[in-house]
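*Asks:* Dock chain W against the given chain H, drawing on the hints supplied.
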Amino acid sequence: MKQKIITTLILLLVINISNAQSSNNLSDENLINDEQKISEILKFPKLDARRVTGLAYSSIVPGSGQIYLGYKTKGAAFAIGFFTGLVGTIVSHNNFIGNRERIQSLQFDYLNADRYTLAEYYWKQMVSVHNEQKTNERARNIFMISTGLIWTLNIIDYLFFTEDKGPIEFSNNNSFNNSFSILSITVPLNK
Amino acid sequence: MKKIISILFISFLIISCSKTEDLISPYHYSVIQKVSNFKLDAVDTTFTGKRRVRMSWEISDTSNLRYFEIYRSQKNPDNYKIIASNYKQFAFADSALPTINDSLRLYYLVFPIGTKTDVRTGVQVSFIGPPSDTLIVTVKKLK
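Here the protein sequences come in this chain order: H and W.
Using our numbering, you'd call the opening residue of the first sequence number 1 and step up by one each time.
Using our numbering, you'd call the opening residue of the second sequence number 1 and step up by one each time.
Just chain H, same shape as in the assembly (with noise of 0.2 Å):
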């Protein structure tokens, strides 16, 4: 809440700077104009039935809802940006699960070693297999993060910044039919 609000600070601190570069005549209709188009910026949009199943969309595969609304660029970048992000997450946290049960095992045949060089040795693995353990905990942890990030953004970017650039409508378009007609055989059934 806090980031959001301090977020909100800055773009407002940032657009009165550039409008102040731009023109030195500071008067409030030029503030009024500001907190207009920030507001206009900010303003939740009316949600149809379109915009509710593109949201549905996005929330469950981000960019889908984007793709569902026309934006088919942007859409696929959010979705390539989250599915890379989760399957890091999923591919570090396995190898972190594996680790842990690695220690497992070698705590077992460290605490059953009968003597110093076979139980220094298992030490040695242990120690080993820990740093790993909490390399693949950092980077799990840094793709969950970005993966979470990506997905909000994604919501952020459909709610706010994402127009409905309405149905596509099919119709009985030459480049279709030729194109199919390409594809074609004709079958001759009277014979």
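Hints were generated in silico from the structure; no laboratory data involved.
Don't take every hint at face value.
To be verified - Calculated cross-link-like contacts (lysine-lysine; reagent style BS3-like; alpha-carbon spacing at most 25 Å):
hint, chain 1, residue 1, chain 2, residue 2
1, W, K81, W, K141
2, H, K124, W, K3
3, W, K2, H, K46
4, H, K46, W, K3
5, W, K19, H, K134
6, W, K2, H, K74
7, H, K46, H, K72
8, H, K37, W, K2
9, H, K124, W, K116
10, H, K124, W, K34
*Replies:* This is chain W only, laid out in the frame that chain H set:
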């Protein structure tokens, strides 16, 4: 809607909080100490005319010490063979040397044997401590 987004984001962060557990504290450093000051005292001859290697060592903590095992090899670091077990002194004389043609290089190690508590049964079991530094001895054939 904003609240839902915040809740989902925070829950994402909470899920990621399963942390790496700390390792158990190592026990093997404190069971029994390493033998120190392992040195050659002399290479001499027994009254029967055999060559003999005399060596000695020290150990700082004898509270968990049961006995020593002494190993000898002609090819370091492999092929060590036990030459004395259940040995409770701090000096040893090796007179059962291999056949010497002209001269012979020998490598010695001393292992202190202590006890530790078995984690499964709770019974005291033997624990072979850390090896000493290698003692290298060259024995020449008597003319």
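*Asks:* Indicate, hint by hint, whether the structure satisfies it.
*Replies:* Structure-based check of all given hints:
A hinted pair counts as satisfied when its Cα atoms are at most 25 Å apart, and K81/W with K141/W qualifies at roughly 22 Å. Under the criterion of a C-alpha separation no larger than 25 Å, the hint pairing K124/H with K3/W is inconsistent with the structure, at around 47 Å. A threshold of 25 Å between alpha carbons decides the hint, and for K2/W with K46/H the separation of about 15 Å falls inside it, so the pair holds. Simply put, K46/H and K3/W have alpha-carbon atoms about 18 Å apart, close enough for the 25 Å limit, and the pair holds.
Between the alpha carbons of K19/W and K134/H the distance comes to roughly 8 Å, so the proposed pair stays at or under 25 Å and holds. Simply put, K2/W and K74/H have alpha-carbon atoms about 22 Å apart, close enough for the 25 Å limit, and the pair holds. Straight-line distance between C-alpha atoms of K46/H and K72/H comes to about 22 Å, which keeps the hinted pair within the 25 Å bound. Straight-line distance between C-alpha atoms of K37/H and K2/W comes to about 21 Å, which keeps the hinted pair within the 25 Å bound.
With a C-alpha separation of about 20 Å, the suggested pairing of K124/H with K116/W holds against the 25 Å cut-off. Using a Cα cut-off of 25 Å, the hinted pair K124/H and K34/W holds, with the two alpha carbons roughly 18 Å apart.
Checked against the numbered hints above, the structure violates only hint 2.
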